[in-house]
Structures are given as structure tokens and as C-alpha cells.
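Student: Quick note: the sequence shown uses the UniProt record's numbering, first residue 1, plus one each step.
Don't read these hints as lab results, they were simulated from the structure.
The structure displayed is predicted, hence computed values, not measured ones.
A hint or two may mislead.
[To be verified] DSBU-like, lysine-lysine: derived pairs with alpha carbons at most 35 Å apart:
id : residue 1 : residue 2
1  : Lys-190   : Lys-239
2  : Lys-239   : Lys-394
3  : Lys-226   : Lys-35
4  : Lys-394   : Lys-35
5  : Lys-226   : Lys-237
6  : Lys-346   : Lys-168
7  : Lys-394   : Lys-230
8  : Lys-394   : Lys-190
9  : Lys-168   : Lys-394
10 : Lys-190   : Lys-226
11 : Lys-237   : Lys-35
12 : Lys-346   : Lys-35
13 : Lys-226   : Lys-239
14 : Lys-237   : Lys-394
[What the hints assert, rightly or not] Pair ranges (Cβ atoms, derived):
id : residue 1 : residue 2 : range
15 : Thr-238   : Leu-344   : 45 to 55 Å
16 : Leu-429   : Lys-230   : 26 to 36 Å
17 : Ala-139   : Tyr-325   : 30 to 40 Å
The beta carbon of each residue, even a glycine, is placed where N, CA and C say it ideally should be.
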Amino acid sequence: MADLRIYNVVILGLGFLFIFTAFTTCGNIEQTIVKSLDNDTFTGSGYHSLGIIYGIFSFSNLLAPTVVAIIGPQFTMFFSGILYSGYVAVFITPSTWSFYFTSVLIGIGAAMLWTAQGHFLVENSDASTINRNTGMFWALLQCSMLFGNLYIYFDWNGRRIISDRSRKTIFIGLLVTSVLGTLSFLALRKTLPPEEEMLNEEEGQPLLSSRMMYKQRANSAVQDAKSEFKMILQLLKTKTILLLSCCMAYSGLELSFYSGVYGTCIGATTEFGAAAKGLIGISGIVVGIGEIVGGGVFGLVCKNNRFRRTSVVFLGMVVHFVAFYLIYLNIPDDAPVVLKTSTLNKPYLTPSISIALLCSFLLGLGDSCFNTQLYSILGRVYAEQSAPAFAIFKFIQSIFAAVAFFYSGYLLLTWQLLIMVILGFIGLLFKMVSLLQILGSVIIHHTFHNLMELFLDVC
Numbered sequence: 001m002a003d004l005r006i007y008n009v010v011i012l013g014l015g016f017l018f019i020f021t022a023f024t025t026c027g028n029i030e031q032t033i034v035k036s037l038d039n040d041t042f043t044g045s046g047y048h049s050l051g052i053i054y055g056i057f058s059f060s061n062l063l064a065p066t067v068v069a070i071i072g073p074q075f076t077m078f079f080s081g082i083l084y085s086g087y088v089a090v091f092i093t094p095s096t097w098s099f100y101f102t103s104v105l106i107g108i109g110a111a112m113l114w115t116a117q118g119h120f121l122v123e124n125s126d127a128s129t130i131n132r133n134t135g136m137f138w139a140l141l142q143c144s145m146l147f148g149n150l151y152i153y154f155d156w157n158g159r160r161i162i163s164d165r166s167r168k169t170i171f172i173g174l175l176v177t178s179v180l181g182t183l184s185f186l187a188l189r190k191t192l193p194p195e196e197e198m199l200n201e202e203e204g205q206p207l208l209s210s211r212m213m214y215k216q217r218a219n220s221a222v223q224d225a226k227s228e229f230k231m232i233l234q235l236l237k238t239k240t241i242l243l244l245s246c247c248m249a250y251s252g253l254e255l256s257f258y259s260g261v262y263g264t265c266i267g268a269t270t271e272f273g274a275a276a277k278g279l280i281g282i283s284g285i286v287v288g289i290g291e292i293v294g295g296g297v298f299g300l301v302c303k304n305n306r307f308r309r310t311s312v313v314f315l316g317m318v319v320h321f322v323a324f325y326l327i328y329l330n331i332p333d334d335a336p337v338v339l340k341t342s343t344l345n346k347p348y349l350t351p352s353i354s355i356a357l358l359c360s361f362l363l364g365l366g367d368s369c370f371n372t373q374l375y376s377i378l379g380r381v382y383a384e385q386s387a388p389a390f391a392i393f394k395f396i397q398s399i400f401a402a403v404a405f406f407y408s409g410y411l412l413l414t415w416q417l418l419i420m421v422i423l424g425f426i427g428l429l430f431k432m433v434s435l436l437q438i439l440g441s442v443i444i445h446h447t448f449h450n451l452m453e454l455f456l457d458v459c
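Whole structure, please, built from the sequences with the hints as guidance.
Tutor: Structure below.
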């Protein structure tokens, strides 16, 4: 049984590696691709597409658990993988209606995919293996930021214009990669807990018919969805969630910036010359390295009681503020909004490739630091209501990511950075207050416990 569960976790990780190699690369370059299209009938925007995806994703999270409970995590992931592959395929022969239609579909598919992934990972883990299995999955997933972006660098380096032939070659390759990831979900094997194997010992046949079991599962899923929705509404009124909501909103803004906007800015910078388009791929790789380093380092740091969680949060925000300031100095102000041309404005410094890539690393590092602590806080405070708490986090994060993608094509870089700095600073203050509140409650609990022990000893 243990070997089967390890096999499932590895296959699950490989499936996500392939699918998100395609999707992450697509998201990183799609605004640049859209700008390079020699097609007067296409009026779509990569920013708007990503905004639609995250907006639909946020609301679809409320229904995804019901779907997963009814049809099972394996087939949910397979169906979602088909939707991801369809989105990638649109770029081979782009049209505006199919571009936005598949954006809606992939938003729905993303909610189902991630809900099913969490369900399947827990199903194939126990208390002693959940950390190992999560680490294995996370490591495979983070590698998705490396391979596709590496190909973009080698293919686009030295090119000022992305030809139709180059675009089709890239997206055919990404489509094949996504399809391979989707098909890998069919290789997953089912592991049922003993209590669900309702077999008659004498005949070896199910005690309940398949139809009855399906009906019971559907009814149970609907009831669970209702109770979880009520729990979400209750948690939204708690002080901790209200304090952390600004942090969740900030995480959505910076997610949109590093995953879709910053790479486009680098590719549009005139001073980078023929290397600009290839640097989009390198930037994506360096962001991924920052995420991996941050996850590893801060995971180890937080095991040290002397290095408090508040210090990690503060360090992550400082890292992001340094990155924003360097981007402000190094990247032209009109980089996010230029269409067919490269940038016309001049930044304060002569644009440097080294500084641009350093900022990519800092964005990934700060994101990893900030989000790992946010997950840790939610997991600690809402250990008994973890699913609704994380649903609230993903909902708020996705809504603000969608909003950010929609304004990214209209606001100059300075204003985008300023919005993130203001919301990030407010979020940092509120997060510190929530951490101190949690720390205070723990101290009060331990003090009360010690006083009670002392009182009992005296008695």
C-alpha cells in the first residue's frame, strides 16, 4: 500500500509538472505573443485573459469541492487537464472569441484541478507521510517554471519580432506537454480506505448498488458544500481573517505582477535590444529559483524558535520593497502598456540586465517568504477549519489578482508599483497585529495553564 501511495504522489507531481510547464510558460509570454500577432482581427489582451482566469477561479472554488466529491479527484483532474490543454491550443491559431472563452473554461478547470489535487494528496498520505508527500509534489511543481522558460530563452534570444512560425512551434510543444500531463492522471491508481470497501464477505459483491452509492455520495457532497459555505461566512467575521485580508489581497497583486506583468515589461524594454525577448524566459526561471530557495530556507528558519515568524514576514516585505524600488529605477515607466512598439520612456538608470534578473529573484524569494508564513498562520489558527480558511485565502487572492491583471494594461509601471507598496505596507501592519494577537493568546493560555497547575499543587 505504501509503495502504491508513493507511486501516486510521483505521478501526480509529474502530471502537474507537465501541465504547468505549459501553462506557466504561456502566462509568462502571452501578452508579448499577443502584441506580436500580425492579425488585425485579433483584439484580445493577455492581461484581460489572465484576469478572467483568476476571476472565474475565485468563484469556482465554492463549487469545486462538490464536483470532486461526486466524480472523484482522478477524473476531475483529467477533465481539468483537457481544459488547460485547450487554452494552450488557442495560441496556435488565435481568435478573440476562443481566447476569452477558453479563459473562462480554464478558470473553472483550475478550481477543480487544485481542489482535486489536495483531496488526492491527502487520500494518499497519512500523518507520518503528509510532509514528505507535500514536499515531493511541491518540488516537482516548482520545476515547471524552469523548462518551458528555458526553451523560450534559447528560441527568442536575439529576436526582436516573434514570427508566426516560432509561435506555432512553441505552442505545439506546450500543447503536447500539457496533453502528456493530462494523460498521466489516467495512470493514477485508486487506494480506498477499508471502511469504504463495502463488500460482502461471502459473495465479494458490493452491499450497495453503484447507483445507490453514487446517489449517497452526491447528497453527502451537497450537504458538505452547504456546511462549508456557512463556515466560510462565519470565518469571514473573525478578527484574524479580517486582519489578514489585506495580506491576502497583496499576495494577489504581487502574484499577477511577477507571473504576467514583469516578464512583459522586460521584453518591452528597448535598451535590452535583441536580448529582450529571450530575457522573458530567463526572468521566469529566476523567479522560480527564488521561490525554491525561499521555500527551502524559510522552511528551515521557521523551525528555529529564536527566529520568529514576524521576522520572516518583515524580511519578505523588505525584499519585495527593495525589488519594487530597483524595478522603478531600472524599467521604463511605459513598459506594461506599450502595444506594438518597444518602450519610449527612459528610466532613472540605464536599464541593466543584471538588476532586472536580480529583481526577478527577489520577487520569487519574497513571494515564497510571504505566502509560506500566511499558510502557516492559517494552518495554526484554523487547524480544525483549514479547508474554509484556505478557500477564503484563495478567493481573496484570486479576486485581487484578476483586478490587477485588468488594470495592468492601462496603468503605468510607477502606479502599479505604488499600489503594491501601499497595500503591502498596510497588509504587513495588519499581519503583525494578527501575529501578536495569536502570540498573546498562546501566552495567556500557557499562563492560565501554569496557574491552574500551581493552584492544584497548593490544594
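Student: Each hint needs a verdict: does it hold in this structure or not?
Tutor: Okay, the hints, checked on the actual structure:
| no. | hint | verdict |
| --- | --- | --- |
| 1 | Lys-190 x Lys-239 | 41 Å, violated |
| 2 | Lys-239 x Lys-394 | 18 Å, holds |
| 3 | Lys-226 x Lys-35 | 44 Å, violated |
| 4 | Lys-394 x Lys-35 | 30 Å, holds |
| 5 | Lys-226 x Lys-237 | 18 Å, holds |
| 6 | Lys-346 x Lys-168 | 33 Å, holds |
| 7 | Lys-394 x Lys-230 | 17 Å, holds |
| 8 | Lys-394 x Lys-190 | 28 Å, holds |
| 9 | Lys-168 x Lys-394 | 33 Å, holds |
| 10 | Lys-190 x Lys-226 | 27 Å, holds |
| 11 | Lys-237 x Lys-35 | 44 Å, violated |
| 12 | Lys-346 x Lys-35 | 21 Å, holds |
| 13 | Lys-226 x Lys-239 | 23 Å, holds |
| 14 | Lys-237 x Lys-394 | 17 Å, holds |
| 15 | Thr-238 x Leu-344: 45 to 55 Å | 49 Å, holds |
| 16 | Leu-429 x Lys-230: 26 to 36 Å | 31 Å, holds |
| 17 | Ala-139 x Tyr-325: 30 to 40 Å | 32 Å, holds |
Consistency note: the structure conflicts with the earlier hints numbered 1, 3, 11.
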